[in-house]
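K.L.:
Listed here are the chains, written in short residue letters.
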Amino acid sequence: MRNRKDICVRKSNKIKKLPKLLLCRGGNFCLFKFATNVRSIKPNLKITKKAQEEVVGFVAIVVIVAILLVLLLGFSIKKPSNSNQESKDLYQFLESLMKYTSQCAISYEPDYSELGELIKECYSGASLCLNQKSPCEIAEEDIKNIIEASFKVGEAQGYKGYEFKSIYTETEDEAEKLMKDIILIKKGNCSSSYIGSEVLNPAFPGTISSSFKLCY
Amino acid sequence: MIYCASFSNKAQMKIQQMVFVLVALVIFFALVFIFYIVISLGDIKKDGRTLRAEGAKELLRSIASTPEFIYSKEDCSGCVDKDKLFVLKSRKAYEGFWDLDFLKIETIYPPNENKECDSSNYPDCNSITLIEKEEFGSPEEVIVLLCYWNNEKGGYKKCEIGKIYASGKAIK
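Those protein sequence lines, which keep their order, are chains A and B. The first sequence runs 2 to 217 under the working numbering. The second sequence runs 2 to 173 under the working numbering.
Just so you know, nobody snuck in bad clues.
To spell it out: a stretch of chain A is covered by chain B in this simulated footprint if at least three of its residues, at any positions, have a beta carbon under 8 Å from a beta carbon of chain B; those stretches are: (1) 57 to 65; (2) 112 to 122.
List of simulated lysine to aspartate or glutamate pairs, EDC-like, C-alpha gap at most 16 Å: (3) B:K158 / A:D112; (4) B:K159 / A:D112; (5) A:K89 / B:E59; (6) B:K158 / A:E115; (7) B:K158 / A:E110; (8) B:K164 / A:D90; (9) B:K154 / A:D112; (10) B:K15 / A:E54; (11) B:K159 / A:E118; (12) B:K164 / A:E96; (13) A:K153 / B:E142; (14) A:K89 / B:E55.
Derived coverage of chain B by chain A (criterion: at least 3 residues anywhere in the stretch with Cβ under 8 Å from a Cβ of chain A; other residues may be distant): (15) 12 to 20; (16) 30 to 39; (17) 70 to 80; (18) 138 to 147; (19) 150 to 156.
In short, the hints are calculated from the structure, not lab data. By construction, the Cβ of each residue, glycine as well, lies at the ideal position given by its N, Cα and C atoms.
Given the sequences, and given the hints that come with them, work out the whole structure.
P.N.:
Here's what the structure looks like:
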């Protein structure tokens, strides 16, 4: 028989019982056992499965480790990316921007308005600056220039684009909300990840929210 | 009497094959895991750098809020008094007051000619350098509002957008 080797033992007094044996070469009995050491044939000839059990244990460990790794990878891939973040830097930038002294004086010179006040004037649309320019025009120009002086924005630069937005919001009752865009300044590609911040300025009976996003 | 035990190698071969496959599988997953760990460590290093930069910026903001810097004539949080800084520049008592290698305040808008402030050109100047040692590395920066009293047209408070740059052991 192929793949088999016959090992013969001499029957001694110790071997009292034998399992069902097959008759093989020269009328000798053959034992089917996956072992090379014939001394392991115990008197009662029980065939041990220790090695098989160890292999099964090994397989179980490998399978568990594999499942854990797959789960770990799955979780790490699914982990929500913090690509859109609030930035303290940008909050401070917005606060500074709102207090910047513009070149627009509404009532008398040198009572120049801060940019935050200018955005309010732009929303109300009631007055012009003493130099006959519109508050919206001056506010937009200053905001754009300040952003471009403060951050490097462009395809080859650190940031791909930016978006500045001022919105007036008024809550009439709990359900209804009146919203009106005051200023919107955009540049570059702002569709993916960004850092941003928002400041609120009271404008009775509503609020003006100015937000700024830097996209990368 | 002689008894014979007939042994099969086929099953052993199969077990060996399975063991090889399992070892290969373990090696594969170990490589994947190492790859993942390397990427994660890269992220941790990046996070560390970001945190250090954030810490440095926070320290700069706190410097901007000290009585020597802050604009205190009216309520203006985060405003830096350009007049105070200009006076500080010439005060020898403040040498070594900040444990820094470099400390500079620069106006970024409205754009001015790139001139260091001195008594002949103030306030029509661009920067005030308080500390500048020979080797100061790459400074951290934060955006601030620089306010000062402008004497034109009867005098008024003027606020411009500026940056504070600083470097030194205390910042890193």
